Amino acid sequence: MRTALLIVFLLPVPLVAAHPAPGSSTPVLSLKNGKIRGEYVTVKGTERRVRQYLGIPFALPPVGPLRLAAPQSPESWEGERDCTHQPPMCIQDPELVVQVSRIMSLDFTPPELSEDCLYLNVYTPADTPEQKLPVMVWIHGGGLTMGSASQYDGSSLAAYENIVTVIIQYRLGILGFLSTGDEHARGNWGLLDQLAALRWVQENIEAFGGDPHSVTVAGESAGGISASILTLSPQAKGLFHKAIFQSGVATVGSYTSEQPLPQAQIVANITGCGISRTEELVQCIRGKSQDELVSATKQMKLFLGAVVDGDFLTGRAEVLLQRKEVLNIPVMMGVTNHEFGWILPQSFAPPGWEKGMDRESVLAIVHMFNPEGVSSANSLIADEYLKDAKSPEDIRDGLTEVIGDLLMALPVLNVAGYHTDVGAPVYLYEFVYSTEILRRHRPSFVRADHADDVGFMFGGCFWNGQIRITGNITKEDESFCRTMMSYWGNFIKTGSPNGPGLVNWPLYDRQKQEYMELGQNQTARQKLKEHRLHFFTVTLPQRLQQMAAAAAGAAN
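In mature numbering (1 follows the signal peptide of the UniProt record, and there is no 0), the protein residues as written are -18 to -1, 1 to 538.
If you're looking for bench data, these hints aren't it; they were derived computationally from the structure. Model, not experiment: these values are computed from the prediction. Mixed in with the good hints there might be a few duds.
What the hints assert, rightly or not - Straight-line alpha carbon distances no greater than 25 Å define the calculated DSS-like cross-link-like pairs of lysine-lysine that follow: (1) Lys475 x Lys219; (2) Lys306 x Lys26; (3) Lys270 x Lys280; (4) Lys337 x Lys372; (5) Lys337 x Lys306; (6) Lys14 x Lys114; (7) Lys14 x Lys26; (8) Lys219 x Lys306; (9) Lys372 x Lys26; (10) Lys372 x Lys511; (11) Lys509 x Lys369; (12) Lys280 x Lys369; (13) Lys509 x Lys306; (14) Lys14 x Lys337; (15) Lys114 x Lys283; (16) Lys219 x Lys280; (17) Lys306 x Lys494; (18) Lys283 x Lys270; (19) Lys114 x Lys494; (20) Lys509 x Lys494.
What the hints assert, rightly or not - Listed next, with one range per pair, are the computed distances between beta-carbon atoms: (21) Thr91 x Gln508: 26 to 32 Å; (22) Thr505 x Cys266: 34 to 40 Å; (23) Cys266 x Glu375: 48 to 54 Å; (24) Ile248 x Asn352: 47 to 53 Å; (25) Glu300 x Val520: 14 to 20 Å; (26) Ser478 x Thr521: 21 to 27 Å; (27) Val520 x Lys14: 50 to 56 Å; (28) Gln265 x Glu112: 14 to 20 Å; (29) Glu60 x Val404: 45 to 51 Å; (30) Thr91 x Lys14: 53 to 59 Å; (31) Glu60 x Thr476: 39 to 45 Å.
Built from N, CA and C at the ideal position, the CB exists for glycine as well.
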């Protein structure tokens, strides 16, 4: 289960470091804390150079007494800091990183692990030093348990869309999200790291040619969940001005909790720390070595997420959205049309699932992902998605649809509605593009899987590094890359994805429910998942009420 969810929430994008520009000098910048030295790089299809700065510290190393504590401002340094190498990854399971990379057919050598990992990477056009360019701050995916800035390359977006791209890291797993629910470990450390990175951007991005008054926070999967949670935090006000949630919103799963102590007890058992007093637990974990923490991470079978602490987060995500306690800013959000078509099921479905399944297996998996639902509800859900199934293959397809809807599509649709309720401009999409590069590694029934959109919006077709996308990138792929970058770039610049040469992307509202279908041809459509949304919001509650009334009548 843990491996399955980690695979789902890890961004499967090839790491491609852009090539250093031949014969170029090294760019040096003066920041608040000292000078940094980067390098000039190039991308395919354009003569434009990009300045790349890797491994810039935005906080003190969160070690010793700063373990399980809020991030602190970085110290100043003397001389020029070398920012030409990827930063170490935060503490996580390195074997799982390799495993996921192999599943995704990626040639990715992970950087070393270190608790000293609060760094970010910046990519900015080399020829606009005096301009104030719009900024995108990207939060990586990985289930809040794995991932790194080194899995992404912002050079294509910088070169083609004339924006400053910032890719951040944050503490993960136990060190990023453990909470005892009291003053000894309030939690949300990884989210506070994200806030610290956004504050760093406000203080320093002008040195890179960026505009601190035009910042978009964006992310995919767990990164999208994080970006969505940030729009609910009063502490984030003024730090960004637009937001993008790709296949992840604050209401997905159980990513916000009001009672974190039971999870802390599980962590205590895994780490061998006592839980009789929360203070002792925290001190014990602060005394663990890096190897011990990595070992504990490998044993984790639960996810630690955001906690309602009354400060960073004042209530559960759904409640805050219902109260309209959310930033009123332009938002772009969306899903793929087969969110859990391939990557996830192969980790938790029975052997041979891709050839077909039976109803009992589907019901067991629905219960796994909807444990709080009563058995009768889960049975009704299975019936809804399997009612037209005539073969084991049809049942398999029903499984991939129901899990995608439960965990991704329906939460995204609900959150889109909440943002329109406060008057925010909302642009919704469904990504449906299919490319041979990905199809050749998957069964024929798989459509656009979880995170397939990310490589295109990052301009992966034009990456020019030592680690490449394996396979033949077609002219059609390149054209679609340009379209995706243009839509995303326009939104980052103006708060609207629309621009010259693009199919008009309508605003989403609760009445028309218009959205953009992103595929070989861009098409504006209406009422995404209308039938399924009606089932979960109207039909299912009515049937459960009828069953409860019938049971009460029989008891009398």
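Results of checking the hints against the structure:
For the hint pairing Lys475 with Lys219, the CA-to-CA distance comes to about 19 Å; that is within 25 Å, so the pair holds. Straight-line distance between C-alpha atoms of Lys306 and Lys26 comes to about 44 Å, which puts the hinted pair past the 25 Å bound. A threshold of 25 Å between alpha carbons decides the hint, and for Lys270 with Lys280 the separation of about 15 Å falls inside it, so the pair holds. As the CA atoms of Lys337 and Lys372 are separated by approximately 14 Å, the hinted pair is consistent with the 25 Å bound.
The suggested pairing of Lys337 with Lys306 is violated, with an alpha-carbon distance near 45 Å, which exceeds 25 Å. Of the pairs offered as hints, the one joining Lys14 and Lys114 holds, with about 18 Å between alpha carbons and a cut-off of 25 Å not exceeded. Straight-line distance between C-alpha atoms of Lys14 and Lys26 comes to about 33 Å, which puts the hinted pair past the 25 Å bound. For the hint linking Lys219 to Lys306, the alpha-carbon distance of about 14 Å falls within 25 Å, and the restraint holds.
Distance check on the hinted pair: Lys372 and Lys26 sit about 48 Å apart at the alpha-carbon level, beyond 25 Å; violated. Of the supplied pair hints, the one linking Lys372 and Lys511 holds, its CA atoms being roughly 22 Å apart against a limit of 25 Å. Our distance criterion of 25 Å between C-alpha atoms is met by Lys509 and Lys369, whose separation comes to about 22 Å. For the suggested pair Lys280 and Lys369, the alpha carbons sit about 39 Å apart, so the restraint of at most 25 Å is broken.
A distance of roughly 23 Å separates the Cα atoms of Lys509 and Lys306; the hinted pair therefore holds under the 25 Å criterion. Note on Lys14 and Lys337: the hinted pairing is violated, with a Cα-Cα distance of about 58 Å set against a maximum of 25 Å. With a C-alpha separation of about 45 Å, the suggested pair Lys114 and Lys283 falls outside the 25 Å cut-off, and the hint is violated. Proximity of Lys219 to Lys280 is assessed by CA-CA distance (about 36 Å); at most 25 Å being required, the pair is judged violated.
Of the supplied pair hints, the one linking Lys306 and Lys494 holds, its CA atoms being roughly 21 Å apart against a limit of 25 Å. A distance of roughly 19 Å separates the Cα atoms of Lys283 and Lys270; the hinted pair therefore holds under the 25 Å criterion. Between Lys114 and Lys494 the CA atoms are separated by roughly 37 Å; this puts the pair beyond 25 Å, and the hint is violated. The suggested pairing of Lys509 with Lys494 holds, with an alpha-carbon distance near 7 Å, which does not exceed 25 Å.
Between Thr91 and Gln508 the beta carbons are some 45 Å apart, a value that contradicts the proposed interval 26 to 32 Å. Between Thr505 and Cys266 the Cβ separation comes to about 56 Å, which falls outside the hinted range of 34 to 40 Å. The given range of 48 to 54 Å is respected by Cys266 and Glu375, whose C-beta atoms sit roughly 51 Å from each other. For Ile248 and Asn352, the hinted distance range of 47 to 53 Å is not satisfied, since their beta carbons lie about 21 Å from each other.
One distance hint, 14 to 20 Å for the beta-carbon pair Glu300 and Val520, holds here, with the actual separation near 18 Å. Distance hint check for Ser478 and Thr521: the Cβ-Cβ separation is about 35 Å, which falls outside the suggested range of 21 to 27 Å. Judged by the Cβ atoms, the range 50 to 56 Å given for Val520 and Lys14 holds: they are separated by roughly 54 Å. For Gln265 and Glu112, the Cβ-Cβ distance of about 51 Å falls outside the hinted range of 14 to 20 Å, so the restraint is violated.
Restraint check, Glu60 to Val404: a C-beta distance of roughly 47 Å satisfies the suggested window 45 to 51 Å. The beta-carbon spacing between Thr91 and Lys14, approximately 33 Å, falls outside the hinted interval of 53 to 59 Å. Range check, Glu60 to Thr476: about 41 Å between beta-carbon atoms, so the 39 to 45 Å window is met.
In terms of the numbered hints stated before, the structure departs from hints 2, 5, 7, 9, 12, 14, 15, 16, 19, 21, 22, 24, 26, 28, 30, listed from lowest to highest.
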